[in-house]
Structures are given as structure tokens and as C-alpha cells.
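Asker: Each protein sequence line maps, in turn, to chains G and D.
Just so it is clear: in the first sequence, position 7 is 7 by this note's numbering, and no numbers are missing.
Adding 1000 to a residue's 1-based position in the second sequence gives its number in this note's numbering.
Bear in mind the hints are in silico, worked out from the structure with no lab data behind them.
Hints may be right or wrong, so weigh each one.
As the list claims (entries may be wrong) - Cβ-to-Cβ under 7 Å is the rule here; a few derived chain D residues that face chain G:
id : residue
1  : T1031
2  : R1033
3  : A1275
4  : Q1278
5  : V1293
6  : V1323
The structure presented is a predicted model; accordingly, all values stated were derived computationally and were not measured.
For glycine and all other residues, C-beta sits at the position ideal for the given N, C-alpha and C.
There are 2 protein chains.
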Amino acid sequence: MSEILRVGIAGLGTVGAAVTRLLQRQTEALTARTGRRIVVTAACVKDQSKQRDADLSNIEFYADPVALASSEKIDLFVELIGGSEGPARASVETALAHGKSVVTANKALLAAHGLHLTQLAEENHAALAFEASVAGGIPIVKTLREGLAGNSVLRVYGILNGTCNYILSRMEREQLSFETCLSEAQKLGYAEADPTFDIGGFDTAHKLSILTSLAFGTRISPEAIDIEGIERVTLADIEAAEDLGFRIKLLGVAQRTAEGIEQRVHPTMVSKNSAIAQVMGVLNAVTIDGDAVHELTLVGPGAGGDATASAVVADIADIAKGVRTAPFGLPSSQLKELKRMPMRRHEGGYYIRLSVRDVAGAFARIASRMAERKISLESIMQRGRRGSPGDCVDVILITHATSEHLVREALELIFEDGTIVARAQVIRIERE
Amino acid sequence: MSEILRVGIAGLGTVGAAVTRLLQRQTEALTARTGRRIVVTAACVKDQSKQRDADLSNIEFYADPVALASSEKIDLFVELIGGSEGPARASVETALAHGKSVVTANKALLAAHGLHLTQLAEENHAALAFEASVAGGIPIVKTLREGLAGNSVLRVYGILNGTCNYILSRMEREQLSFETCLSEAQKLGYAEADPTFDIGGFDTAHKLSILTSLAFGTRISPEAIDIEGIERVTLADIEAAEDLGFRIKLLGVAQRTAEGIEQRVHPTMVSKNSAIAQVMGVLNAVTIDGDAVHELTLVGPGAGGDATASAVVADIADIAKGVRTAPFGLPSSQLKELKRMPMRRHEGGYYIRLSVRDVAGAFARIASRMAERKISLESIMQRGRRGSPGDCVDVILITHATSEHLVREALELIFEDGTIVARAQVIRIERE
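Chain G extracted, bound-state conformation (with noise of 0.2 Å):
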């Protein structure tokens, strides 16, 4: 190991000067700790002239990742280029295949391309390390990996998108819509002028992906989870919510059952007193159930600048002490196939509202075909008053444990006989 640890970065957006700012100005700590110097000695980037908040002074640009990547000139290669193929994808590549080591921060690419990524750098004696991919600064890679090694994981669930946690919490704090919260969000830069990925829950789902992986010992598979976004909770739902004891977040979670792992993203009712309850606004949060631990949660930012530099460059520090760590905890030919659950088969408690014409004979009927399908209700309960008589209220149900497919069967036969005058809420409820 020689004594100096060359870094090429290729991208230097907000991440990217912030990890050169902080190898900059942690670079004696560093060494203390390492042993080594880490010098970032290379960087790509699109457009060279653009000023960056970091000392840039001493560093080679490239215009092609690719060819950064391959250079002799760097031992490690940062990507924060992003997107699961192109550029991002084929430097990854590139630089694993030379033997560099790789720290990236790029959940699409690892979503889409983990495994083989995984059998790459094994084959090449490189690290892979993407701490900064799954909850920004928090280190739950690390925590999952090496933290909890002795535990067999049987949850794992998390807010790991700050835009739809913002815009939750502001609906409740501030009884306004969705619409509202979010096109205040997008002003504040929070979520992106296509919010798709992020309220649809893409986003959760790529960091739930990797989560699941070092939880289970299994696969990436992206593909067997199941996904909702946060579109169509109303401030109904949250006051609601809220009158009974819960708060809506949208979770993702990694659950061990019987005949398989389910992998699921959706909004959530969570008990107001719980810890991932607390997390408001932009931050994040994940709960590890262990069978030694029991529960444990980290809070922190998910996003930022320099919170994913911290997440980046202790990687970084790591891979310059020497440490090699099988990137999902196993070695890729023990990681097993992803035994799908399917959400139909989902065992849980319900939230479910529902838009109701004659509430005089309503409750019976309703209550009655969920007695058939041997659901048991917690609570029903009318909301809101009518303002005359052919006006619609929300009646609003919540169940003991039950099959998914049972709650959509008595849906249909409840919409069937009239009951209802719109497709019903359902909003599946997540006990500590």
C-alpha cells in the first residue's frame, strides 16, 4: 500500500465539491486515522470553467469518465455522476475491471446492477462501498453490514426520501393539501419539477432494494417490490390519522415471513409515540427489528451536500485502511435468490376509509362483509357531519391483523352492494 490514496471524483455537483472540501479539510484527521493521505488528484466534469465551492487548484480534469476510471493516475474512483446506466454505469465498470475501488453514492445503478457490480469487484480484488447510497449521512450500510453481523435481521423499514417526509409533515402541521405542500416544496428546491420518482415512491424503493439485499443475505431485486406513492393520501387521512393515534409516512419496508421477504413501499400508519413517528420534515429514518437486538433506529439527514460527503468519505476511509468488506455483507455467491411475498398475501392491520352514501344502514352492511371475509375491526366510526341528507361522510374502519387479499375482497363487495360512492382509502398500518 503505497502512502498516498489518489481519489478521481467524476462529477463535482453539490456531493461532489462537498467531498472534496471535506477531504481538504480532514486530510491530517484522516491520515491520523488511515494511515494514509487521500488526495483527490483527478476529477470529470461536464463543464470546467463553473466555479465550485472547493480548492480545485491541484487536480487533473477529465472531460470522459470512462477514461478517469482507467487512469493510472488514481486508486480509487468516486462516482457521483448518477442514473443506472450511461456514464455512471460504464465508469463503474471500468474502474472495477482496472482493480480500482469504487465508492459510489448512485442507488439507481446499484438497484439495477448490484450484483454484477458485486461479482466485478470481487473479481478484481476492488472495493465496492456506497454508504451514501440508502439515507444519506446516516450509516445504516455499515450499521447492517458489520453493526448488527451477529443478528438475523427480521425487519427493516424506513423514511428514505425527505421530499415525501417533508410534504407529510407538512400537510399535518399545517392542514394543507397535497398539492399545496408540494408545489411548496418544489419552490424550495425539495423536490424536483418532475416530483415522479420521489412522491411515487422510485425513490424509496431503489434505497429499500439495497437495504433488503444487506438485511437478507439476498439478491438485489428491485423488481419484487411492491410500490404506492404518497399521491393519493388527502388531508382527510392525516386527521384522521392524527384522531387516532397514528401518523402517515411513507415507509419502505424489508420483511422476513414464512414464505419469503416481502419488499414493500407504501404509506403508512404508524403509532404516534413510536420513534420513526418523531422524524418530520427532510430528515430520515430507518428501524432494524434483530432477533439479538430487538429494534434499534437511526435518525438523520438523508440528503445534502454534506451529509452524503460524510457518508462518501468514510468509504473512502475504510478502503484506505485496507478494510475489504463483501459489499452486501456476503460473498456474491452466497448472496441467495429473493423468495418474493406476495402483497396480496400481506398480513397487517387496515386503515380504511371510505365514502359513504346511507350511513343510517351503512355501518351494518359494511361491518357484515368484513365479518364474512373474518376480518375483525378495531374501530369504525363516522367523520364529519352531512350537511343534508343526500350528502356523502367518510366512514372510517381499522382492523386487527388480516390477510390483504380478504380486505380487497370485502372492498369489492362492499362497492358491489352501493355502500360506497368511491374507491376506498387504504392505508396499511405498521406496528413497532
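Fit chain D to the supplied structure of chain G, relying on the hints for placement.
Answerer: Only chain D this time, still in chain G's reference frame:
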């Protein structure tokens, strides 16, 4: 590296039995993760005939922990005896001197001899790991040492003693006195017959000294901690805290200041909305303020056989993989002498409860004494009512940030004025 890692465990109490069970239950998974088979081959117990909840059939028993520590039949020594001297210290020193790696949960030993043991480990190329010594199952040692390696830590603070947190939570929730809750905790086995070590803050201080060294790269210095226990917290304080938007927690706090490192353990007012305030009962939590990550909080079980075993086994797994990390993150020669920041120079907000005889003139006299010392008040209020003219009432002050010595001086003057009839209750406020 041989394929089998032979583990010897000194102490098969709750934690030792749980470690043995966990290593046995997870043998296959740990072999896959570490590339080695981890086997408990030997143990040292006082009473070999005692029934224990683990399979001990292939384990060789030693009567003397020092003999076990030097045995050629083990590669790794797990110390679960406890205490800063005696057999714990002797056996750990022996194991390290023989080049055997050591995993320990012994906070008292580390607080007293952490630097010496680190040097001994370095000289003999042995690992020394102690994840279980602080906050039980929470991987806080790994997080500070590795997960936040790129950060300059500004402050680390936490709820590190489950007994105290149980008592304070119970007082708040059930409106019970300190004495009632303490005797409840003793009945439930959460507190010792002599509870001084827990409720006096000494256990928290041991753990804090370890966190301080990891966070700031300083030599472990438990003697430089200012310690106050929770014995003087009354229901009146808990209720006033509630009304003012605070909750009272026993915190260990280590903070970098311009003049040195402040290490302190005391009952603390924390905002009811903070992550740490949500931590109730026997749980532990640690928050780290880093310059890059900003704020990260970990919440989990601080004690219990299984949770502590989770941490012990994670350390064993790292060692099995061949990972060698400096115990406190830096080579011992680079750990700096801790420059102590005296408590009287502490800057922060204060909650002050005064028992006042003559309320009419008291507000003015108190406020003017505070003003003389340039202490700016956020609020001053009376709580409770006088029954008859001679009775005392509580006056509560909340100050803006000021210096501890100014507060002490002002309170001295207020006492000399005859305004108050008893020693003032002073509880520091910790802001997020």
C-alpha cells in the same frame, strides 16, 4: 489465519450465555460473513454446575480467567467479568500480552485503563474491541470510529443509563415521586439494591468517557467529567418542564469548546420535540453533532443479554474478518491529552426553580440580581399557589445562554438577600 476462530469467554452470566447462544445460532451466517468458523471452545465460570441457557457440551472450563486468557487453545478472549481491577484487568492484560484479541463489555475497565490497554494491544498486534461497553446494542462505537470518520465532531450526547431513564420516564408519565419510581425499578430488577452507581451518574460517566475519546481523539479522561445524578429531580421539576415544553433526561454530554473539551453528566432539560426526548423507559440513545453529518441519533436497547451480545458478536465478526482498527480510532500515540473545560465556564441556558417566601417583591429582586450578572431571562413565572400568607411558592426562571459561574453568583446573592428559603434547583438546558 486459521479457518476456525476459537473463542474463550470469561463470565457466563446473562451476557456471556447470550453471546454463546448467539454464536451457536448464527454459526453458518457468521461463517459466510467472515470466512471463518467462530467456535466457543472455552469458558471461565465461578460455578461450573450452575444451569445456563446455552449449549456448553463442547466447551472446556477454566477456573481462572488469567489461565483462560493465556491458553493456547483460544484465539480471542471475551471478557465479561466486570470491574476495573482484579481478574477482569488481569485477564485482559494477559490476553493482549499473549497477542490474543480481546472483546469486552467492560466500561469501568476501559474508563480506568483504556489508554494503557490500547498501547498493550498495539504492542502485541492484537485487536481490542468494546462496542458493548457503551449503550448496549447500539453500534455507537463503530459509528463514531468509522461511520463518521470524515467528521469533526462538535458534540456527542446521550441517554446512556436505562435505570435513570426508566425512573425519569415513570415519574413523568405516572406523576410519581423519585423515591417511588426508584423502589419500583429495584423491584423490577432495573436498579441495584445500592443504586448509587446508576442514579448518581457514575455509570453514564464511564460510558461518556469512552464516547469522548472516540469523538474527539483524546485520551480517555473520566476524572475530567463533572457528574450530577438524578436524586434531586422532583416531580415539581418534571411538571414545570412539561409546561415549558421540555422533558428531563439524564444526559452525558461531551462538547468541543474554544477552551477545551467539556464532559458532563447531569439531569438536563431537552426540548419535548427533540429526538432524544422521545426516548422513554430503559432505552438508550446517542446524538452526534458532526460538522459534515450535522445531527445523527441512534436509539436502541442499552442493556439486556441479547442486545449486549449483539454488540459483542459484531466485534468478534470484525476480528474474524481480519479487520484491525485502532480501538479509539487513532493510534494511541496520536490521542491527545484532553484539555478540560471547567464546568463554571459552561455556557448554556438554565432552568432555575426557587422556593420564594414573599412573592410580591420577589420577582423584582430576583430579576435585578440576574440583570446585575447580565443574565438575560427568557421567562420568570410563579407556579402553584400559596395557601396562607406565610407559605412558599415556586418561582421558575428560564435563562437565555449565559455562563454557569454567573448563574452561581446570582443565586448566591439571591440567597443572601433572603429572597429564597432553600437551595435553588438548577437544571441545565441542552439545545439541539
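Asker: Tell me if R1033 of chain D is really an interface residue toward chain G, meaning its C-beta lies closer than 7 Å to one of theirs.
Answerer: This interface hint holds because 6 Å falls under the 7 Å limit.
Asker: Would you check whether T1031 of chain D satisfies its interface hint, that is, whether its CB is within less than 7 Å of any CB in chain G?
Answerer: violated (10 Å)
Asker: If you take the shortest Cβ to Cβ gap from A1275 of chain D to chain G, is it below 7 Å?
Answerer: holds (5 Å)
Asker: Hold the hint about V1293 of chain D up to the distance rule: shortest CB distance to chain G must be less than 7 Å.
Answerer: Because about 4 Å separates V1293 of chain D from the closest Cβ in chain G, which is inside the 7 Å limit, the hint holds.
Asker: Regarding the hint that Q1278 of chain D lies at the interface with chain G, is the smallest CB-CB distance below 7 Å?
Answerer: holds (5 Å)
Asker: With a cut-off of 7 Å, does the beta carbon of V1323 of chain D approach a beta carbon of chain G closely enough for the hint to hold?
Answerer: Check passed: Cβ of V1323 of chain D comes within 5 Å of chain G, closer than 7 Å.
Taken one by one, the earlier hints fail for this structure only at number 1.
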